[in-house]
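K.L.:
Residues per chain, in single letters:
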Amino acid sequence: MTAQLDHHAERSADVLLRNARLLDPASGVDARADLLVRGGTIAAIGDRLDVPAGTQVVDATGLHALPAFVDPHVHLRTPGREGDETIATGTASAAAGGYCAVLAQPNTEPVTDSTEVLRALQSRARAEAVVPTGFLAAVTLGQRGDELAEFGMLAAAGAAGFTDDGLPIRDANVLRRALQLQQLHGLPIALHEEDPALSAGGVMHEGAVSAAVGVAGIPSISESTMVARDALIAGHEGGHIHIQHVSAAESVAAIEHARQGGVRITAEVSPHHLTLTDEAARGLDPNYKMNPPVRSDTDRAALIEGLRRGVIDFIATDHAPHSPAKKQLPFEDAPFGIIGLECAFSVLYTDLVLPGVLDLELVVRGLSAGADVFGIARPRLVVDEPANIALVDLDGAWTVGEHGYHSRSSNCPWHGRELRGRVVVTIAAGSIVHREPLHAAAGGTA
Amino acid sequence: MSIAELTTDDFRILLDRALQLQQADSDSRRPLRLDSLAGRAVITMFFEASTRTASSFQLAARRLGADVLHVAAEHSSVGKGESLQDTIQTLDAYDPAAIVVRHPRAGAVRDAARWSSAPVVNAGDGAHEHPTQALLDLTALRARLGEELAGLEVWIVGDVRHSRVARSGIQALQRAGCRVTVCGPPTLVPRGIEQMGCRVETSLARLGEADVVYALRMQHERMSGAYVPSLRDYAREFQITSTRLRPDQLVMHPGPVNRGVELAHDVVDAPQSLILEQVRAGLYARMAVLEHVTVGIDSEVLA
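Top line first, the protein sequences correspond to chains W and Y. Quick note, the first sequence lines up with residues 1 to 446 if you use the working numbering. Quick note, the second sequence lines up with residues 1001 to 1303 if you use the working numbering.
Chain Y with its partners taken away, still in its complex shape (with noise of 0.2 Å):
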């Protein structure tokens, strides 16, 4: 549900299994297919666009041998004004494996698991979190790293605002041992945020002491005030360019992104771009969240 509410053991657990997915799929010759969820169904029920969550949750709970249903709000009776809570349990009464829900609202993945009996996942609630991308994200970083990464510095930079990456990743980075600093134009990082525990910045200036540069797309479908004057007015001062950067730090992004806004279009193609390594961490990552919340996660199973 969330990065807040998972317990440190449940955390280490999923990142874990998340790794060991993905080093056992890379290492066999055919894809990694596993039967737990063999006969059920794993229903994505998404309030709000998404390609790569929605096809990664999809391809992630086909490999664990579910029968996938994906709902599109937009194609769905939720036109008609059907709400929530009547949505959910018509879902649930398909008595499936696990619900993975994407709404445009904080709290109402959580108001939405409250009218289901099967468990449900949160893949974006508003601006609020979005857990397993965090997930994703430190095993695509665990990958290329190795597992341990306290001490690691890294920066979140663009609309943290907006950002449920941001607030799930500051919470999953912290919670890793690395250390977190936001960055962004001050009407794009709440006052407050410090609370979370991360450092604030307002400018680039001391980017050479990050390890890890991790972009957030300014997103224009969240930005109905006047938050900056013009997106080029941003990329002067926030863009992330090679020349900003040293060639051993790490570029990351959660997609999609806007090429020539906060990335420079050659930083996203870049040998130190871990962008399409988050993309394939994810179906790992959501594999085992699928396994954590339906029959557990047993190391031992890799086939």
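So here's chain W without its partners, still in its complex pose (with noise of 0.2 Å):
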């Protein structure tokens, strides 16, 4: 089954990416070559290629092109929250940084818990959002955690999956028995793993910093006893869960313990997670909480390692836009989370690949490898495929925020920050979607 995305289909590209380098690890991809996509589609790679009459050129010597990134968890806060972020801003805000595709998370007013709020939903995108949008359905309704959202018919309705993301299924037998219901549609089942009893008014991760600080801390384990718990659960139904925003390092473990033991259990991580940690929260910086908090370096050394080796399948946002009326607050009344879809490829790049903690192609792997585990057509550089890329400019230097988001909001931890691995143009589903002049700098044209 795969997933319903929805956009708003600008015209198909005409245009020939010339002399860039070719990086597609996937596919087994990795040259310069002349990319051509005619209507929409790749319709050749190779060396000096002809240009067909009304196709632009891009001049893309030195820039790199990509499979463009997709995102399964981003919050596009609609319904109900259209002033910190619409379908059409969060899906700029997803083309900006080089997305071809997000799932948004159901935790709206209302909550995505019926085929009604579904389908208004794919009808706004197919009038507004800039690149294919699928939503996810709640598990429970108003994510409540007791009573089971209507699985079938909402899986029918085209949603990408469940999850009651924002929140934990409390409850093991509700989630006992959606996996059960799994059974009959078998999408996955998402979850936001989290022990309200141990979180308990905890607003950074429970560590030495928050010890100094003064302000309660949300310790690992209220993360990895459910991750423990859950895994033991699908095992035992033969279900699928997928973990998100992992944080710990024993759910790391945990993870890997169960797909040992045959657990069909995915996991994603944030660029956040990945590239910071508790200390940055020290200053008690609104836009350094989120939930689940970034940890120590410990944490953070055995999200990459779990990244490294598979344990964890793809990076996801969890993009998360708060307006400055609501996370300019003091540090334990702000909203947790943070924005991240338009700088999520300039973070990975700067401060992992560059350092040389992660290769690049890893990285590019895991922006998009949650198509995969979503049901959605991985995007490839490969002739015949729908053009989905991101052609990036590794060296180009940025300030994030410099001239704004394309996000409604502006909660973003690296707000200020240089960073290399400019995302020039977008191409999602065969439409030029992002397009930003080649040299920054001068302000030159493409």
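Calculated directly from the structure, the hints in this document are not laboratory data. For glycine and all other residues, C-beta sits at the position ideal for the given N, C-alpha and C. Do not take every clue at face value.
[To be verified] Listed next, the stretches of chain Y that the computed footprint assigns to chain W, with coverage defined by at least 3 CB atoms under 8 Å from CB atoms of chain W: (1) 1102-1108; (2) 1192-1199.
[What the hints assert, rightly or not] Over the 12 Å line for every Cβ pair with chain Y, so calculated as not near, a few chain W residues: (3) T2; (4) T61; (5) G152; (6) H236.
With the hints in hand, could you dock these two chains into one complex?
P.N.:
Here you go:
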């Protein structure tokens, strides 16, 4: 079953990327070549391709053409919180970050727990989404954690999967029933793992930093105990659970252990958990407040290692916009969440690839591997595939937020940082959805 | 704003000024009165209840010649939902010499300072810092023991987890050269606190090593979870009693004291208790801080 994705399709692209370095590790592509897109499809890859009439030419010398990225974990705040983000602004943010598809979480107002809400969202996506957008539906009505949502009807209406993200599923029996019914639709059940009894009142990682600044902490065991519990239930029922935003070393170990035991368990990690630790929150800036929190150096190292070894399957931003009025409160009062679509690739490239911590190939894979878990066609740099391409200037520097954000919100922990790995052009579902001047410093034309 | 951000020089300057003011006041026949802030206003904006700190800051401001305005949140438009930003900007519009803020949330006073052109002084932000308390504690110790505190063994006993007094104190005492041990039930001494440089004990067995025992209040209003089964269970293990102390050990407490909980009744009033001296030192420490953030400290100025 492939997830239903909707967007407002623009003109299909006719564009030649001249002399790009193509890099699609999952398809075994790593070569300097021209890539021709015709009518939105990759028509040819080769040397010195002819330029058909009516084709734009982009001089991609020195640039990398990557399979565009897929983010199965974004918050578009629609319906109910359009002041923080809309489908239009959130997907524009995604396009600017090199993404060709996103899946939106259902913790909206009202919650996406019925076909009525789901269909309304799909209709809005057809009207305003810049990139193909799918929607997850809730596991329980209202995400209240007791009554199951109508999985069958929602699956038939094109839900991409089920999650109560933002909240854990406290009742083990509710999860168990959901996993049993999963056999009828086969869609992933994605889990926000947190034990509210252990996380109660916590606002950052429970560790030396929270001890020093005097705020309540969220211990790693809040997450790892639930991962372990849910893995055992999934194993018992033969179901597939997907662990969202893994943050703790103990969780990585629990996932690996479960998988070795044959459990169908997948996992994602965010750019912020791969690059930040609780030290970032010592200054009590709410732009470093998220749930689950960024944790210690040991946790960060375990997450990097987990991604490297494939224990963690892909990278997802958990893009969580909050307007300044809401986010700029004292740290303990501010809502959890940060945005990340626009700078995800640049953060990963600058803070992990450039220092030699992770290979570029691994990051590139990780940014679109979420497609496989959620039944979305994987972007590939292969002839006859729809064009889903992120053209990036690895050496290109830019300052996060210097021209504002495509997102309606600006709660970005990397605000003001100079990063490398600038996304120059994004082609999604065969259309150009984002374009920057090739040479940003001079403000020149493409 | 915090002990953490205070430079070494400023730390020393503030402590020396506080001690100087205290000595000048005890030397002279009439209460010390300066006019450094004559014609200026000092506003104290408290979003949390306080007896000592509020009165201490207000008296300190008056002794510097300032007009004092005290705003308590429960009597202000904060009850109408006015934001911290708007509250501070409103008060700042009066062009005060300084705004003193106490807030129940960590980091909130630094947030408030962003919206104020007048200097903002931290009178306590959540469980994070209470820098003037630490300064007055050191002043009281120096007044009693002499200016040099290096090598002093200080035990901080009680609910460290929820204590801004402890967090500022741990840092300030260490900067003054003291060795700090924190002690309390494991539920109330957060893991990782030793990375602030202090030792951790979970019983009073070695209390005899301390020169100074600093007791913290068992804080009802901060403890929404059950951290100790009962106060008497806590007192049995951790109450500072005269039998647990030698007469040469000093006892301190930031106040208000829960008599019979963290301190036995007779200990509160004993000669070894510095509690009232701490209160007195508070006036001078806060005068020094208000001078420092406004007109600057001039050790020549004593009247």
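K.L.:
All hints are to be evaluated individually against the structure, with a verdict given for each.
P.N.:
Hints, one by one, checked against the model:
1. Closer than 8 Å: that is the beta-carbon criterion, and the stretch 1102-1108 of chain Y has 5 residues meeting it against chain W, so the requirement of 3 holds.
2. Given as covered by chain W, the stretch 1192-1199 of chain Y passes the check, having 4 residues with a CB less than 8 Å from a CB of that chain where 3 are the minimum.
3. Residue placement check: W:T2 keeps its beta carbon more than 12 Å from all beta carbons of chain Y (closest about 46 Å).
4. With 12 Å as the threshold on Cβ separation, the claim that W:T61 sits away from chain Y holds: the shortest Cβ distance comes to roughly 46 Å.
5. In this structure W:G152 is separated from chain Y by more than 12 Å, as the shortest Cβ-Cβ distance comes to about 42 Å.
6. Under the 12 Å C-beta cut-off, the non-interface status given to W:H236 relative to chain Y holds; the minimum distance is some 33 Å.
Going down the numbered hints, you'll see the structure goes against none, and every one checks out.
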